[in-house]
Structures are given as C-alpha cells and as structure tokens.
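The listed protein sequences derive, respectively, from chains V and L. Heads up: the first sequence at position 133 corresponds to 133 in the working numbering, and the numbers run straight through without jumps. Heads up: the second sequence at position 9 corresponds to 9 in the working numbering, and the numbers run straight through without jumps.
No lab work stands behind these hints: they were computed from the structure. The beta-carbon is built from N, C-alpha and C at its ideal position, and this holds for glycine as well. Just to be clear, a hint being listed does not mean it is correct.
Claimed, not checked - Anything over 12 Å on all C-beta distances counts as not near chain L; from chain V, calculated: (1) 8; (2) 17; (3) 71; (4) 101; (5) 104; (6) 105; (7) 108; (8) 148.
Said to hold, decoys possible - Pair ranges (Cβ atoms, derived): (9) 1/L with 143/V: 37 to 43 Å; (10) 156/V with 34/L: 36 to 42 Å; (11) 22/V with 323/L: 35 to 41 Å; (12) 142/L with 4/V: 53 to 59 Å.
Spelled out, the chains give:
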Amino acid sequence: MQNEPWDPTRAAEIIAGLTHKEGPTLVILHALQEAFGHVPAAAEPMVAQALNLSRAEVHGVLTFYPDFRRTPPGRHVLKLCRAEACQAAGGDALAARAETRLGVTFGATTADGAVTLEPTYCLGLCATAPAAMLNERVIGRLDAGKLDALLTEAQP
Amino acid sequence: MSLRVFIPRDSGALAVGADEAAAELTRVAHDRHLPLDLVRPGSRGLYWLEPMLEVDTPAGRVAFGPTTADDVASILDAILSDGEHPLKLGLTEQIPWLKRQTRLTFVRCGIIDPRSIDDYRAHGGYKGLERALKMSSDAIIDDIVKSGLRGRGGAGFPTGTKWRTVAQAGRGQKYICCNADEGDSGTFADRMLMEGDPFMVIEGMTIAGIAVGATRGYIYIRSEYPHAVEAMNAAIEAARRTGYLGDHICHSTDSFDIEVRVGAGAYICGEETSMLESLEGKRGTVRAKPPLPAHKGLFGRPTVINNVLTFSAVPYILDGGAQAYADCGMGRSRGTKPIQLGGNIRHGGLFEVAFGITLGELIDDIGGGTLSGRPVRAVQVGGPLGAYFPRALFDTPFDYEAFAARSGMVGHGGVVVFDDTVDMAKQARFAMEFCAIESCGKCTPCRIGSTRGAETVDKIIAGDRPAANIAVLEDLCNTMKFGSLCALGGLAPIPVLSALAHFPEDFGLAPRRLQAAE
Numbered sequence: 001m002q003n004e005p006w007d008p009t010r011a012a013e014i015i016a017g018l019t020h021k022e023g024p025t026l027v028i029l030h031a032l033q034e035a036f037g038h039v040p041a042a043a044e045p046m047v048a049q050a051l052n053l054s055r056a057e058v059h060g061v062l063t064f065y066p067d068f069r070r071t072p073p074g075r076h077v078l079k080l081c082r083a084e085a086c087q088a089a090g091g092d093a094l095a096a097r098a099e100t101r102l103g104v105t106f107g108a109t110t111a112d113g114a115v116t117l118e119p120t121y122c123l124g125l126c127a128t129a130p131a132a133m134l135n136e137r138v139i140g141r142l143d144a145g146k147l148d149a150l151l152t153e154a155q156p
Numbered sequence: 001m002s003l004r005v006f007i008p009r010d011s012g013a014l015a016v017g018a019d020e021a022a023a024e025l026t027r028v029a030h031d032r033h034l035p036l037d038l039v040r041p042g043s044r045g046l047y048w049l050e051p052m053l054e055v056d057t058p059a060g061r062v063a064f065g066p067t068t069a070d071d072v073a074s075i076l077d078a079i080l081s082d083g084e085h086p087l088k089l090g091l092t093e094q095i096p097w098l099k100r101q102t103r104l105t106f107v108r109c110g111i112i113d114p115r116s117i118d119d120y121r122a123h124g125g126y127k128g129l130e131r132a133l134k135m136s137s138d139a140i141i142d143d144i145v146k147s148g149l150r151g152r153g154g155a156g157f158p159t160g161t162k163w164r165t166v167a168q169a170g171r172g173q174k175y176i177c178c179n180a181d182e183g184d185s186g187t188f189a190d191r192m193l194m195e196g197d198p199f200m201v202i203e204g205m206t207i208a209g210i211a212v213g214a215t216r217g218y219i220y221i222r223s224e225y226p227h228a229v230e231a232m233n234a235a236i237e238a239a240r241r242t243g244y245l246g247d248h249i250c251h252s253t254d255s256f257d258i259e260v261r262v263g264a265g266a267y268i269c270g271e272e273t274s275m276l277e278s279l280e281g282k283r284g285t286v287r288a289k290p291p292l293p294a295h296k297g298l299f300g301r302p303t304v305i306n307n308v309l310t311f312s313a314v315p316y317i318l319d320g321g322a323q324a325y326a327d328c329g330m331g332r333s334r335g336t337k338p339i340q341l342g343g344n345i346r347h348g349g350l351f352e353v354a355f356g357i358t359l360g361e362l363i364d365d366i367g368g369g370t371l372s373g374r375p376v377r378a379v380q381v382g383g384p385l386g387a388y389f390p391r392a393l394f395d396t397p398f399d400y401e402a403f404a405a406r407s408g409m410v411g412h413g414g415v416v417v418f419d420d421t422v423d424m425a426k427q428a429r430f431a432m433e434f435c436a437i438e439s440c441g442k443c444t445p446c447r448i449g450s451t452r453g454a455e456t457v458d459k460i461i462a463g464d465r466p467a468a469n470i471a472v473l474e475d476l477c478n479t480m481k482f483g484s485l486c487a488l489g490g491l492a493p494i495p496v497l498s499a500l501a502h503f504p505e506d507f508g509l510a511p512r513r514l515q516a517a518e
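Model the full assembly from the supplied sequences, consistent with the hints where possible.
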C-alpha cells in the first residue's frame, strides 16, 4: 500500500472537494485516510473548520469508528475474521497462530513495520470460512498453510 | 463463434481463486488462438463449488467446479471435445441444490453480467420500474401491501405500511435509505446481490422513491465489502448514463438519484437510527424512537429505510407479481427468504426458498451436515444476536413467528453451523464480548451490561458460585432486554440465554431434558 506523505495543502484540497456533500464528515475522513494512510491530528482542526464543527466533534467521529487510524499502519494490513462463522470453522486457532508468528496482538503492527494485524467481524465469506483480507484481497478457506503463505508474503 | 464462459467475480469466489482461474483461462485461450467471451457474473451461491466455471452450450449452461487455475486447460479440452471431466457438474440449472430453490430475488444472480444494464434488461430488469412510472403513488404502495412483503433486514416490519407513512408525511425533501450494513456473521445475501445484481437494488430504491415522493437515495454499505461498493458505484453510474437515474427518469416527470456511502467498521451502524447518524456525518449512536425515521429520518426529513433484500423484492412485485409473491410462504411470513448457510457446513451457500422450510431440512438435507464430518451440535440462526439451537429444535420452520415462539429469531437469515467440538459457554461469552466491543455506548444496559455479562460468564465457567452467578446473569440479561435503546443490547441476551438453556452442561450444570415440542 502506497500512501502520500502528510501535506496540509493536499489535505485542504481533498476537504474542499467534498464539503458540498450532505453530511460529509465520514466521506472526508475516508478520503484523507485513503490518501495518507491515516488521519493525523493536524487534519482534525482543518475538517472542523471546513464543516463548521467543533474540533471535539470531529475527534469524536474519528475515534468512534474502528476503521479510522490516527497513526500510519504497517505496509500491509492483515484482517482476520473473528466472528461466529469463522470461529465454527477453526478461526480461533488461526488467529492465535497469526499472533504468535507475527509476535504482536490484534490491533498492533510488527516491529519492522511490515504488518498490522486487525480483527474483523465478518467479511461476508461465511460459506468459505475461515476468511481473511490482506490489504484489499479476500481469502477464503484459510488454513495454517495458507495463513503462513500470507504472512510470508506480507513479511518476507 | 467465440466460446462464452462465465467465472464469477463475486468476492466469495474471488476468495477461493476465481481471478486466478479467469486469468489462466484467458491465457490458455490466447495461446490456442481460441476466441473467448469471458463474462464475470455474480455467484450462484453454491460456494462449495466455487470457483464455478460455466460454459454456454445449445442445451444451456454447463458447470464445472470447484476449479483451480490448474484445472482450466483440461476443462477447456473437455468443453471443446464435449467430453467428460472429473469436475463436470452437468447443466447448472439441473444441479439439485439449485433446482430445489424458489428464486425470486436471486433470479438473475450468477447469471447476468452485473456491469451490463443491457444484460439486466434482457433478463426482465426494469420492467417493474416501467410499470411503476405509469402508476399512482397509492397504487404502487397498494401492490407492496398486497404482496405481504416484510422487511428482510431482520425486524420484519410490513414494508407497505412504512412506505405509506412516508408518502403521507407531507411535502418537501424525503429520502430513501438502503441499509447495506450487513454486519451479522453468517449473512452474505446483501453482498451477493450488490455484487451480482446491483441494478435490481437500484430499481427497487427508485420505485420506492417514486412511491413516496423522494428524490434522493443513499445506500450505506459497510467498508468490509469493497467489492460490493465498487459494483454498486459502477451500476449507479451506468444507470445515470442511460437515464434510469437522475432527472426525469425514462423521460418521465419523476427524478431520483442515489449515492453510495461507505461505513467505517461499526457494527451498530446497521441499526437504522445509528445508520442515519452516520450518514449525517456523526458518531453512529442510536436515536430514541419515536420519532420514527418515517416521520423524522435523515436530516430530520421523512425517510424510508429498508434493507438490500427488501428493495430487491420490489421490482418483481411491481412487475405484476404481488399476488404470486404473497402466495409463497406461511402464516404472516410471505414470499421467499434467502437463507445463508455458513460456518462448519459441507454445502455452504445461499438458498432462496419460500418461508416454512425447517431448520433440520436446511442443515442436514441441503447443507449436508458439517464440513468436519462430526455431528452438528449447535446452530446459530439470525446473526450474533440470534439464538443457538440444539438438534432437538431442528423441527422449527423458517418463519418469523415460529422462531420467536422458541425464543429465537430468523433475523437476516444467516445459519451458522457448529460441530460437537464447540464450547457453548465460550460462545455465550463471545456474544457478550461482541456486544461490549460494538456497543455505541449511548445507553447503560448495553454499554455496561455487556461488559458485566462477559465477566459473569467467566465466573460461571470458573465454577465461582455458579447458581448465584447464573441468577445474576439472567437478571442482567433481563435488564439489557427491556432497558436497552436498540436491538444490540436488547437482543444480545438471546444467544447467551439460549446457550444456557440448551447446553447447560457446558456451564458446569446438570444436563436437562429439552422439551422439543412447543
């Protein structure tokens, strides 16, 4: 995943291009994250001013939604489904294996900055469980071998 | 004549290698100078056979599956020589699993090219809208009422009643909101439709807009579904380009347009009022009702909120199918229900059938039991807030009231199968933990009750005064059930109490004989 370095001018452009929408806060935060990989603290007052909101309101929205990051992620983001259908198909053991092999717990990034491991609650791939998503690629019928291959791909 | 081959682009198929199979097919055909017309439809929903490759023949489509890239060359040989192949499944429509279904909503899914509005029209698409454009608002709503359509998102509220309320809610800006935040584990019907037949969702929303006098629609899709977002955006653009969205739809006096909005990982935004808050750009906390969204919804305006499957049932009904729709089903559950079989199951996938089929038929007969080959021990129906049922309740028919009578719920139609290695105390704990993670925090019973619930289950599992702690847990569940603002806190006790009632031995309690009858 290639992200642009933080640039307030570019951020201002992104925000200005979306303020005409109805209720644009989430749309803007998504666009900022898409560009920079996260939504840095410096962006919060910019969004607040453009939308005539308090900074606290923007901060409240940013921190409510699990998708939004306030710090940059690893070079790859691996999401493992932790919900019931994947649990039923052996997902818990795979989750434990991923944590052990990467040396991080869910929500953290490996020391080398290669992989951020995140839980997700359903990717809609319940008939081919257990499921994972590496960046934007979906993977079904996950087993230990496939998981190891994904980890090697993300952290060569 | 070029060879017309279908390999799904549905994300369930992509997850098991559909893109790799498609790329290999393109490569092999190119090497052999074979003209190839490769179509990427949605999935037929037979996921244990995905990636399924289909080829057009004079007799109909012939299926092969589950394929891998390595099989593609030999499959191509079999197609060209009309010979046998170990993965050959025969005519797709004759596969018993597919043949047993009543496909009204999924009639085109897996068949048409979801990127082609012409293909959609060639398969009966937009006939419902064309008829609706000639009808009065009242007549459209009468059709919906007559069909008996109830919201397919889980709550089962009569759709016609909802639409009539919005239609009668004065003039001025109104909205149509399609709730595509399908967050329940075990459900994927919305995803399949958005990826496999997105124009039907658009058509249903457009008819709703005309019926109630709304000119703007939003479809709120969860971020976990990037492929669905892409498919809906492409379809909306195509519909605008061809005059099916925008000003003066099909040269009529009606105008309607749709925008996709993407969620940000919060399960609670599947709750309709949280979704409205999120669409308005706020934290997705629930609103107290009343006022109902039909009176004061998005930006305080009258709003129709329906689920993807509900809107998708509308084109069929408007195309003269109101009575036919009502003729399917049982009791007050009319029409068909797309049931999703997932988890530890041999034949997982989407099975659309009239209401009334029993849980046992679905799991043993259609699903073929567990994938692990071990006995089925528990089944969770209706998502993370649905009940866990033991085999003794497998005679329960799929029907809103029948499930409710046994303290369960049909919900969005997700069925998750567990084998005998499941620890039901752990599942009960997970239900509370999930509620704690996903609670919006607005009301105390849900916010604090779920955390205390997980702690109390831990104590019971540890054997710490089990009888006293079960009493605490039951009391807590009642507080959540009756004191929570919305269904997240209100229904989280269902999986917990059902696990306790049907699988007491997993909590260190004496097993008890379950009354299977009502």
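Going down the list of hints, with the structure as the test:
no.	hint	result
1	8	21 Å, holds
2	17	15 Å, holds
3	71	16 Å, holds
4	101	21 Å, holds
5	104	19 Å, holds
6	105	15 Å, holds
7	108	17 Å, holds
8	148	17 Å, holds
9	1/L with 143/V: 37 to 43 Å	41 Å, holds
10	156/V with 34/L: 36 to 42 Å	37 Å, holds
11	22/V with 323/L: 35 to 41 Å	39 Å, holds
12	142/L with 4/V: 53 to 59 Å	54 Å, holds
The structure fails none of the hints (numbered hints given earlier).
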